[in-house]
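**Student:** Here is what each chain is made of, one letter per residue.
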Amino acid sequence: MQSNLPLFPEQASTVAGQVDALYLFLILLTTFFSLLIAVLIIYFAIKYRRSTGRKAEQIHGSTLLEIVWTVIPLGISMVIFVWGAALYFHIQRPPGDALEIYGVAKQWMWKFQYPEGQREINSLHVPLGRPVKVTLISEDVIHSFFVPAFRIKQDVLPNRYRMAWFTATTPGTYHLFCSQYCGTNHSEMVGEVTVMKPEDFTAWLESGKAEGSLASMGEKLFQQFGCTTCHRPDSGARGPNLEGVYGRPVRLQDNRVVIADDNYIRNHVLNPGTEVVSGFQPIMPTFRGVITEQGMQQIIAYIKSLSEQTGQPLNNRTDPTKIRDNEVPNVQQQMQQDNQNQKPSGKQP
Amino acid sequence: MSTVAQTPERVMPDRHYLNDNYGIRSWLLTKDHKRIAILYLISISVVFFIAGIFASLIRLHLLTPNGALFTPDTYNKMFTMHGVMMVFFFLVPSVPAVLGNFVIPLMVGAKDLAFPKINLMSWYIYIVGVTFAMAAIVSGGVDTGWTFYTPLSSGFLHTNVIVMVVGVIFAGFSSIFTGLNFIVTVHRMRAPGLTWGRLPLMVWSNYATSLIMILATPVLAITLILLGLERGFHIGIFDPKLGGDPVLFQHMFWFYSHPAVYIMILPGMGVISEIIPCFSRKRIFGYSFVAFSSIAIAVFGFVVWAHHMFVAGISVYSAMVFSLLSYAVAIPSAVKVFNWTATMYKGSISMDTPMLYAMGFIGLFTIGGLTGLFLAALGLDVHIHDTYFVIAHFHFIMVGGMVMAYLGGIHFWWPKMTGRLYPEAVAKLAALITFIGFNLTFFPQFVLGYLGQPRRYAIYAPEFQVLNVLSTAGASVLAVGFILPALYLTWSLKYGEVAGDNPWRATGLEWQTTSPPPTHNFHETPVVTTEAYHYGSESEEEVRVVP
Amino acid sequence: MTEGAHPTHKVYYLVFLALVIGTVLTWRIAFVDLTFFGISFNPEVAVLIACTKATLVILFFMHVRYSSKLTMLTVAAGFFWLLIMISLDLCDYLTRGAVKPL
Amino acid sequence: MAQQKEASTFGMWVFLVTEIMMFGGVFVAYMIYRLKYYEGFVAGSTSIDVTWGFINTLVLICSSLTMALAVSAAQRGVVRLQKIFIIFTMALGLVFLVIKGIEYHQKWVEHHVPGGTWQTFDPQDIHQDLIKEGKTPQAATEIAHQTEIFFCFYFAMTGLHALHMIIGLILMTWLLLRVSRREFGPDYYTPVELGGLYWHFVDIVWIYLFPLLYLINRTHGKI
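Chains as they are written, first to last, in the numbering used here: chain A, 1 to 349; chain B, 1 to 547; chain C, 1 to 102; chain D, 1 to 223.
In case anyone wonders, no lab produced these hints; they're calculated from the structure.
Hints may be right or wrong, so weigh each one.
[Claimed, not checked] As a list, the in silico DMTMM-like pairs of lysine to aspartate or glutamate whose alpha-carbon atoms are at most 20 Å apart:
1) A/K106 with B/D73
2) B/K241 with A/E139
3) B/K241 with A/E293
4) B/K346 with A/E57
5) D/K36 with A/E275
6) D/K36 with A/D254
7) B/K241 with D/D122
Take the sequences, apply the hints, and build the full model.
**Tutor:** See the structure below:
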């Protein structure tokens with residue numbers, strides 16, 4: 001399928017063509033200027049060679065020329081800047097309706113989880129023509145998620161989620177590389193991305209063994225860690241109700257408003273003492289070192305699912321709490337003072 | 001060759017800095033900037049060939065997709081040691097500490113640098129640094145990559161990272177002291193009449209380099225000290241387990257290491273600005289623009305570092321700021337290239353070896369610089385970051401630019417340093433071989449990079465093989481191009497033609513003294529009455545030194 | 001040029017006095033809550049006093065007040081570059097996460 | 001000679017600029033983490049005894065004065081005063097280091113020394129204090145955990161500063177030797193002048209370290 005001497009990578013995503021356009025523009029520009037300079041110096045070296053016995057004509061310089069060759073490169077580079085920046089902005093902003101796949105990188109493998117609960121190692125299957133957002137985190141060092149055919153790359157950090165997104169356009173199998181040096185077997189931290197037609201993808205998903213959806217696995221963990229003891233929709237709950245929280249602004253105790261995104265949730269589970277939601281006491285214990293990165297992603301998927309199906313009761317309760325979004329979620333629940341003395345629920349299992 | 005024939009008298013002076021004193025002590029305890037330059041020349045040549053051997057082994061290994069020679073572990077050590085040795089122990093000191101050390105006091109008409117003892121000390125510190133680096137290599141090598149990214153380097157590798165880091169810190173202090181010396185010398189030691197507007201461009205560019213050395217290098221030192229603390233004592237400022245941010249390490253590392261790129265290229269630009277007017281018999285075109293572009297590069301070079309981190313997890317807005325600023329640094333580089341080209345216009349050009357290197361420099365630096373635009377273009381950088389495209393880009397700047405300039409400078413000032421000429425025909429051949437070998441080695445890597453071969457891969461996908469083989473073939477040609485000068489330059493020390501004081505009929509003050517110069521450089525303090533590069537004026541053949 | 005001129009002892013003692021006062025002030029004021037408009041200005045005040053003290057030391061004890069323009073420029077350059085490093089680093093850290101998904 | 005002195009002084013300033021950048025690097029890192037882990041930084045800072053820091057600031061300011069007077073004495077060529085003032089400066093420098101040692105010892109006893117090497121980091125007292133202030137146990141655990149990174153900075157910054165003090169003391173010893181050999185007078189006192197510049201610089205670093213490490217927030221006002 002690959003020729004022996006490829007000169008151009010395959011285009012298999014919507015941004016590939018756009019990146020290539022900029023690349024070609026820059027190649028033309030580079031060729032033009034390199035040739036211009038090369039031709040000039042070779043021409044001068046021959047035309048004005050000393051062996052003809054000529055004397056040099058002294059020219060001091062020309063302010064006009066200096067201005068010309070300052071302004072023209074400046075103009076050209078501003079065009080490149082705007083072009084590149086627009087593209088970058090596009091690459092950095094995943095669309096809201098994307099299929100969300102969670103990935104964990106570790107020395108030296110890639111692990112992916114699908115919303116329906118399928119898991120893969122060093123292999124990623126994605127449907128054709130649908131935006132796919134991969135939320136990535138590392139268990140150890142910095143890795144980088146690089147799919148040349150999609151022209152996307154994102155460093156995968158050990159302490160926060162980074163997103164990469166793409167819309168595949170051509171079915172096929174493509175390289176997945178780790179492009180940030182990550183230790184001994186860095187060059188073997190490679191995988192494959194398989195782009196499938198939507199119907200094939202659905203079939204593939206169904207054939208995959210899954211213990212349940214990611215959200216349901218998250219729900220199990222949620223109960224296993226005892227999160228439900230506090231995070232309940234009733235008025236006696238000591239933690240905020242998590243329905244409808246995901247992706248919405250949350251007011252913190254210090255009056256700042258943050259978005260309850262993946263990073264906020266992960267950070268809050270691991271370091272709950274800070275960035276506490278307004279109206280609640282910081283009584284949540286840390287789950288640092290207890291939850292695996294994959295488990296964390298399941299929990300996030302679960303919390304997210306609570307927002308997607310608002311109106312569905314949480315934890316089988318029949319009385320869902322109404323969510324006032326755009327404002328602080330769950331400010332109505334006041335904390336009782338005696339909480340301090342109570343042993344916090346949701347301790348490590 | 002015609003220039004040489006016209007030189008009237010070609011005799012070695014009776015006494016010069018090389019025969020003023022004999023014995024190992026007279027070298028190891030010398031305070032003469034010229035002898036220190038020679039000490040540096042010898043030591044960085046050794047480093048260059050060691051690091052070059054690593055490079056050759058890397059290229060040989062990459063002949064086959066599964067790796068021809070080593071385990072991945074050994075391969076990782078190879079590229080790390082190649083990178084560390086080349087960057088910190090060869091490129092950074094190359095032109096400043098060898099050529100700059102030799103010619104800058106001569107160019108400004110001074111007896112020596114401002115602080116001769118500190119100059120000698122900087123060489124010893126450099127040697128201590130090299131010793132640490134060598135110790136790290138001999139005791140099993142280091143596999144962090146020359147960038148030492150945390151948390152990999154601080155917590156996950158089992159090699160002698162700290163020893164290597166200490167070596168690099170020493171090398172850093174050595175370059176701080178060189179920079180300090182240059183700055184004070186240029187400010188305080190200029191000969192009477194040598195105003196800023198008359199300074200040779202080599203001095204301007206080394207001054208700009210020194211600014212970067214003193215302002216950026218200490219940040220590298222503190223960053224690596226913090227890395228050492230994290231690795232040695234688990235005092236982890238970048239450790240994600242304690243809540244540290246590994247991206248901050250990258251910020252601090254690149255705050256030095258990006259300007260360091262200009263430490264490496266600016267002195268090379270200075271060399272080129274000397275060679276081109278001399279072999280074109282012409283004043284430099286737009287002197288003040290070339291001079292100020294050096295300062296502009298030095299200053300702008302400080303505000304662009306995060307373009308190494310566009311996919312590392314920095315904010316989108318700061319990425320835009322850094323991308324925009326990165327283009328600002330491209331402009332002065334372009335101005336320089338255009339001015340060099342314009343200098344050749346209507347000149348009287350002779351294609352001697354230094355000029356061949358200079359022309360090679362202009363061509364390769366242009367390509368290297370323009371491919372930098374690819375990497376600063378945000379959306380495109382996402383694809384080509386950390387691939388062979390980056391490798392090709394910076395080798396075009398570092399090898400195609402800096403090493404070419406360094407070799408050009410060595411050939412240009414060789415008669416001044418040794419009093420002898422090298423065999424011109426062989427030298428021209430070597431320059432040609434270097435140019436061809438270089439292009440063959442690194443041009444395929446642009447294609448490889450865009451195809452998506454990540455850097456630092458011991459094993460790669462089979463479809464990349466043809467281009468890798470091409471690159472390896474080029475590397476063997478390039479190696480010949482580098483070994484040749486080492487051989488014939490050494491040969492010329494004894495058998496080379498006597499050069500005479502000014503074989504190129506150049507105008508700089510360094511050519512107005514004997515070759516080799518006396519220990520105190522000038523028998524009488526020179527007085528400068530003209531601008532630099534007054535080629536073609538009536539007084540050209542006259543000596544510029546007025547008693 | 002008054003290069004190399006040094007201040008009188010009276011100046012030294014006055015600067016010393018100012019430094020001591022500054023130190024005591026830093027220490028005392030740290031325990032006073034300087035919250036206005038809901039923002040505590042304690043750190044700002046502390047750093048401001050520190051900057052004043054540092055300036056005094058640089059100008060008088062280190063004789064920059066009596067030195068050449070070149071020395072002044074050198075000192076200024078040092079702090080200016082520090083400012084570059086601080087502001088561009090903060091440019092990243094303060095705008096992280098500011099771009100929302102579509 | 002004047003040319004030489006000017007060049008040396010300028011060279012020293014250039015060197016001090018590198019020092020500014022070197023300490024600057026760690027200050028930048030400090031700033032970013034302080035923004036990120038404000039509560040941990042406050043708790044860590046509050047656990048340090050401010051009195052020692054205050055006394056040490058005064059000690060250093062005094063030493064700066066004696067150093068300035070030593071330079072002045074060298075300029076006037078009074079050997080006895082040079083000796084006395086340099087000895088005073090060294091004595092004050094030593095007092096500073098001894099106090100620093102006492103503080104480090106305190107931190108060691110309180111299990112505030114960070115880093116996996118010694119495995120001693122266990123800020124029980126900070127945890128207690130936080131609870132006394134009305135923090136929940138969970139929040140206290142969190143904040144106490146954050147203090148580790150504060151102490152990393154505390155030791156890295158004060159350690160680097162102390163190293164500079166030790167180098168300063170070595171310089172002073174060397175100066176003292178040269179003073180007793182009566183090498184300095186109105187014509188030549190550049191080494192004393194340069195030693196003075198270095199000493200004052202180290203003092204300036206401490207002037208910033210004192211509020212940044214000891215006094216982050218002693219009133220528990222809002223950010």
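**Student:** Of all the hints numbered above, which does this structure not satisfy? Sort the numbers upward.
**Tutor:** Per hint list: zero violations.
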